[in-house]
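K.L.:
Below, each chain spelled out in residue letters.
There are 2 protein chains.
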Amino acid sequence: MKGKPMTALEDDAIALVKFDANGLVPAIAQQHDTGEVLMMAWMNEDALRMTLARGEVVYWSRSRRGLWHKGETSGQTQKLVDFRIDCDGDTLLLLVDQIGVACNTGRRTCFFRAVRPEGVTETEPVLVDPGQLYGG
Amino acid sequence: MKGKPMTALEDDAIALVKFDANGLVPAIAQQHDTGEVLMMAWMNEDALRMTLARGEVVYWSRSRRGLWHKGETSGQTQKLVDFRIDCDGDTLLLLVDQIGVACNTGRRTCFFRAVRPEGVTETEPVLVDPGQLYGG
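Chains as they are written, first to last, in numbering that gives the first Met the number 0: chain F, 0 to 135; chain Z, 0 to 135.
A couple of the hints might just be wrong.
Identical copies look the same in the list; a pair holds intra-copy or inter-copy alike.
[Unchecked claim] Quick list of in silico lysine to aspartate or glutamate cross-link-like pairs, DMTMM-like style, CA-CA up to 20 angstroms:
#	residue 1	residue 2
1	Lys17	Asp81
2	Lys3	Glu117
3	Lys3	Glu121
4	Lys78	Glu44
5	Lys17	Glu121
Keep in mind the hints are simulated off the structure, nothing from the lab.
So that you can see chain F by itself, here it is in the shape it has in the complex (with noise of 0.2 angstroms):
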């Protein structure tokens, strides 16, 4: 590849990122053709890393306390497309190319509750049994 060795592109990167208290950044996935927001999920330094080096989207699980490579599981990866940062440095936008469905509700989109006049309502049908998604 033409351009910085990745491990010097990384290290733009982490210096550009402030980390919270955590260590964590939140890191927004939108696809990039569609402009779909997809979710939001959180990076520390060695997802971000993980993401850059790969090309496939790692986050850090909250719950799980360990690297989460989106879709070893459920076959359901994120290509990165275009790696972007806030102005303040605290928040990622990653434009992805999702494969299949982001939510594992076996949505394409995690955003699928709408509060509107009428009440909540749901906007997007579930494309995928989850049951499949993981092997239940």
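Since the structure of chain F is provided, determine the placement of chain Z on it from the hints.
P.N.:
Just chain Z now, with coordinates in the frame of chain F:
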């Protein structure tokens, strides 16, 4: 307005949201028609209720420790178009109509730095002089 009284709707939303240990929830603002992800900020319960009641976005400023009616100084308000809650209830997605620019650097979106093989690249032009936004 037809449908539920606003306070009941606010209560429905609050019941679905899991605020963190500081009483806050992250809220992503996305331009409703173009799909641009504009910014991410935080809401407490009061900010969430005010956003739904006014139809304009109000955040909680962690640095100023106070309610932050986005655009109250700069005029760059966010009209609420749809209010989404994710599967876990721990992140909000606000579809908005952004007046002017979302970023206090004068750019349309806060996510204007991209980490790419050739180095860190700016992807968004400055549209408004920040001094003009804040009367500086």
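K.L.:
Given identical chains, is lysine 17 near glutamate 121, meaning Cα to Cα at most 20 angstroms, within a copy, between copies, both, or neither?
P.N.:
between (35 angstroms within a copy, 18 angstroms between copies)
K.L.:
What label fits lysine 3 with glutamate 117 when the C-alpha limit is 20 angstroms: within, between, both, or neither?
P.N.:
Between. Shortest inter-copy distance 6 angstroms satisfies the 20 angstroms Cα cut-off; intra-copy 53 angstroms does not.
K.L.:
Under a CA distance limit of 20 angstroms, which applies to lysine 17 and aspartate 81: within one copy, between copies, both, or neither?
P.N.:
within (19 angstroms within a copy, 30 angstroms between copies)
K.L.:
For lysine 3 and glutamate 121, with the copy left unspecified, which applies at a CA distance of at most 20 angstroms: within, between, both, or neither?
P.N.:
Result: close only across copies, 17 angstroms inter versus 45 angstroms intra.
K.L.:
Go through the copies and call it for lysine 78 and glutamate 44: within, between, both or neither, with a Cα cutoff of 20 angstroms.
P.N.:
Only inside one copy: lysine 78 and glutamate 44 sit 19 angstroms apart there, 35 angstroms across copies, limit 20 angstroms.
Violated hints are absent here; each numbered hint is respected by the structure.
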